[in-house]
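> With the hints as constraints, model all of the structure from the sequences given.
So the sequences go chain by chain: A and B. Numbered according to UniProt numbering, the first sequence terminates at residue 63, and the numbering increases by one at each position without gaps. Numbered according to UniProt numbering, the second sequence terminates at residue 239, and the numbering increases by one at each position without gaps.
Heads up, a few of these hints could be off.
Stated by the list, open to error - Within a straight-line C-alpha distance of at most 20 Å, the following computed PhoX-like cross-link-like pairs (lysine-lysine) qualify:
id, chain 1, residue 1, chain 2, residue 2
1, B, Lys174, B, Lys75
2, B, Lys232, B, Lys174
3, A, Lys53, B, Lys76
4, A, Lys53, B, Lys75
5, B, Lys226, B, Lys237
6, B, Lys189, B, Lys207
7, B, Lys232, B, Lys178
8, A, Lys53, B, Lys97
9, B, Lys106, B, Lys45
Read the hints as simulated data drawn from the structure, not as lab findings.
This is what each chain is made of:
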Amino acid sequence: MAQKSMKQCKVCEEWKEDGIYLLISFICTSCEQEMLETDPTDERYQYYVDRLKRSQVSNLLIQ
Amino acid sequence: MKRVWYRIKFFFLSIVLKLRGKADEVYYIGGSEALPPPLSKEEEKEMLDRVVEGDDRAKSKLIEHNLRLVVYIAKKFENTGIHIEDLISIGSIGLIKAVNTFNPEKNIKLATYASRCIENEILMYLRRNNKRKTEISFDEPLNVDWDGNELLLSDVLGTDENIITKDLDLSVDKNLLKSALSKLTGREKQIMEMRFGLSGHKEQTQKDVAEQLGISQSYISRLEKKIIRRLKKEFNKMV
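Written out as structure tokens, the structure reads:
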């Protein structure tokens, strides 16, 4: 079984093995799970928006 | 200039995707083919099956191949005052939620479901934002002086000076009046009660009181002045 490599999560900045990619940005499973449970009305929501913005994904998507 | 910038972005993205072993999936940023195209029905089904088995790569692929939806929907909300970068981040979160909560057994396409999720995510954010526009923090700095000290909203906010003592003062005044009234004769007390609506009486004019007591209005007027002077004296003695 191939060993998974460690990648730095664009949200929590920790090095993790499991997670998803949003183009070039890696989001670890725990941050993904937290995002799923966070509503746009929650205080914490803006944090995720800002982190994704910082990850340059938005920038790459803007044409 | 814009085109040069897109080429730089493309170059950067192609290197990263190559490093991730996805050289065959490089798309030109800035053109109509900027983002990964939608998956075919078969590919999408295969990816969805793999997602059920916990395959994160399949999940990433589903997300990336639906990012066009995010850009398309985010652009519809560009005139709302929210920056497009924020809208795309919010839409991306909506898409991640859609891929995670999509039920292939329901008779609905992933793209349709994802579009709804992305739009809902943005709308909810906009509603929250509009609500917040009307809110202001007590710690909101209004101004900064030469020494760099902030003048906060809480520094200039206050209440009417007597807001705390008002009820107490009223209660004391009532007791003083009650005490002063007890020094009057029965008739004097009755006139004051009828004229000023005290002790459960209804406030009446001098004319009404005069009629009820069978005396002239001018006499009531003189009596009233005399009683008020007396009450003032009683108050002065008590305070």
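> Indicate, hint by hint, whether the structure satisfies it.
Tested hints:
As the CA atoms of lysine 174 of chain B and lysine 75 of chain B are separated by approximately 67 Å, the hinted pair breaks the 20 Å bound. About 14 Å separates the Cα atoms of lysine 232 of chain B and lysine 174 of chain B, which keeps this hinted pair within 20 Å; it holds. Between lysine 53 of chain A and lysine 76 of chain B the CA atoms are separated by roughly 19 Å; this keeps the pair inside 20 Å, and the hint holds. A distance of roughly 16 Å separates the Cα atoms of lysine 53 of chain A and lysine 75 of chain B; the hinted pair therefore holds under the 20 Å criterion.
Taking the CA atoms of lysine 226 of chain B and lysine 237 of chain B, the gap is about 17 Å. The hint holds against a cut of 20 Å. In summary, the hint linking lysine 189 of chain B to lysine 207 of chain B is supported, as the alpha carbons are separated by about 17 Å, within the 20 Å threshold. For the proposed pair lysine 232 of chain B and lysine 178 of chain B, the alpha carbon gap of about 13 Å is at most 20 Å, so the pair holds. The straight-line distance between the Cα atoms of lysine 53 of chain A and lysine 97 of chain B is roughly 17 Å, inside the 20 Å bound, and the hint therefore holds.
Between lysine 106 of chain B and lysine 45 of chain B the CA atoms are separated by roughly 13 Å; this keeps the pair inside 20 Å, and the hint holds.
Hint 1 alone, counting from the list given before, is not met by this structure.
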